[in-house]
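Visitor: Listed below, chain by chain, are the residues.
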Amino acid sequence: GAVVSQHPSWVICKSGTSVKIECRSLDFQATTMFWYRQFPKQSLMLMATSNEGSKATYEQGVEKDKFLINHASLTLSTLTVTSAHPEDSSFYICSASEKAGVISGYTFGSGTRLTVV
Amino acid sequence: GENVEQHPSTLSVQEGDSAVIKCTYSDSASNYFPWYKQELGKRPQLIIDIRSNVGEKKDQRIAVTLNKTAKHFSLHITETQPEDSAVYFCAADLSGNTPLVFGKGTRLSVIA
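In the order they appear, the protein sequences are chains C and R. In terms of the numbering used here, the first sequence is residues 1 to 117. In terms of the numbering used here, the second sequence is residues 1001 to 1112.
Think of the hints as simulated: they come from the structure by calculation, not from any bench. Each hint should be verified, as a subset may be incorrect.
To be verified - Here are the in silico distance ranges between beta carbons for each label pair:
#: 1; chain 1: C; residue 1: Val117; chain 2: R; residue 2: Glu1056; range: 31 to 39 Å
#: 2; chain 1: R; residue 1: Asp1017; chain 2: C; residue 2: Cys13; range: 39 to 47 Å
#: 3; chain 1: C; residue 1: Thr17; chain 2: R; residue 2: Lys1042; range: 20 to 28 Å
#: 4; chain 1: C; residue 1: Gln60; chain 2: R; residue 2: Gln1045; range: 40 to 48 Å
#: 5; chain 1: C; residue 1: Leu76; chain 2: R; residue 2: Lys1042; range: 42 to 50 Å
#: 6; chain 1: C; residue 1: Gly16; chain 2: R; residue 2: Gly1001; range: 31 to 39 Å
#: 7; chain 1: C; residue 1: His85; chain 2: R; residue 2: Lys1058; range: 44 to 52 Å
#: 8; chain 1: C; residue 1: Leu26; chain 2: R; residue 2: Gln1060; range: 27 to 35 Å
#: 9; chain 1: C; residue 1: Gln60; chain 2: R; residue 2: Glu1005; range: 18 to 26 Å
#: 10; chain 1: C; residue 1: Phe39; chain 2: R; residue 2: Gln1045; range: 17 to 25 Å
#: 11; chain 1: C; residue 1: Lys20; chain 2: R; residue 2: Glu1056; range: 38 to 46 Å
Keep in mind it's a predicted model, so treat the numbers as computed, not measured. For each residue, glycine too, the CB sits at the ideal point set by N, CA and C.
Given only the sequences and the hints, what does the whole structure look like? Please build it.
Guide: So this is what it looks like as structure tokens:
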């Protein structure tokens, strides 16, 4: 089945630094990529939606200048957490949609646990 | 936009008993309802899904029912086992390129 590879699986960074998270669709073209954040014992909260070749759409309350999303190709989307702070520590996970307008199921990456110290 | 409510937030059952988790949604246009199981630190795993043209779907010990009129759907797990212990999320979706809206999750504990 469809596979989304997400890296890194975990990262520890110092406060003020930036971290890049990558999601690659390995055997299909991801026309749309969704980025979620999950705090401990909470649900997955949508951060932004990105479509290949266009700017990402951010959810209310998510700072687009802090969470930079790039979806430059149909197989790669990246999320960069800039000037990270301890409150950004969370589990970040991407989900790809294979076909626009067709519900074919969503494929999740394996997630990235970010810890900012 | 869509809003998904999930109950209960925690559920403890004895091994072998059944577990039922219920979700309601607000947008009548939603037509895809997946259920995910998430173990600690791992990605959500799709366990079953149902589309709006179907009222019930079953896969071995897991079943999902959908009532479009009432806008609610439920997950049923029979003959629960300790390995069923996890957090379960329901979700609703409008189309293939809109994001899933998740419920808040149910922490299921199966007591041996």
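Visitor: Each of the hints needs a verdict: does it hold here or not?
Guide: Hint by hint, here is what the structure shows:
Taken as a hint, the range 31 to 39 Å is violated for the pair Val117 (chain C) and Glu1056 (chain R), whose Cβ atoms sit roughly 49 Å apart. In this structure the supplied range 39 to 47 Å holds for Asp1017 (chain R) paired with Cys13 (chain C), their Cβ-Cβ distance being about 45 Å. Our hint of 20 to 28 Å for Thr17 (chain C) and Lys1042 (chain R) holds, since their Cβ atoms are close to 26 Å apart. Evaluation of the 40 to 48 Å hint for Gln60 (chain C) and Gln1045 (chain R) yields a failure: the beta carbon distance comes to about 29 Å.
Distance hint for Leu76 (chain C) and Lys1042 (chain R): a CB-CB separation of about 23 Å, inconsistent with the stated range 42 to 50 Å. Hint check: Gly16 (chain C) to Gly1001 (chain R), Cβ distance near 34 Å, so the stated range 31 to 39 Å holds. Taken as a hint, the range 44 to 52 Å holds for the pair His85 (chain C) and Lys1058 (chain R), whose Cβ atoms sit roughly 47 Å apart. For Leu26 (chain C) paired with Gln1060 (chain R), a C-beta distance near 28 Å keeps the hint of 27 to 35 Å intact.
One distance hint, 18 to 26 Å for the beta-carbon pair Gln60 (chain C) and Glu1005 (chain R), holds here, with the actual separation near 19 Å. For Phe39 (chain C) and Gln1045 (chain R), the Cβ-Cβ distance of about 20 Å falls inside the hinted range of 17 to 25 Å, so the restraint holds. One distance hint, 38 to 46 Å for the beta-carbon pair Lys20 (chain C) and Glu1056 (chain R), holds here, with the actual separation near 44 Å.
In terms of the numbered hints stated before, the structure departs from hints 1, 4 and 5, listed from lowest to highest.
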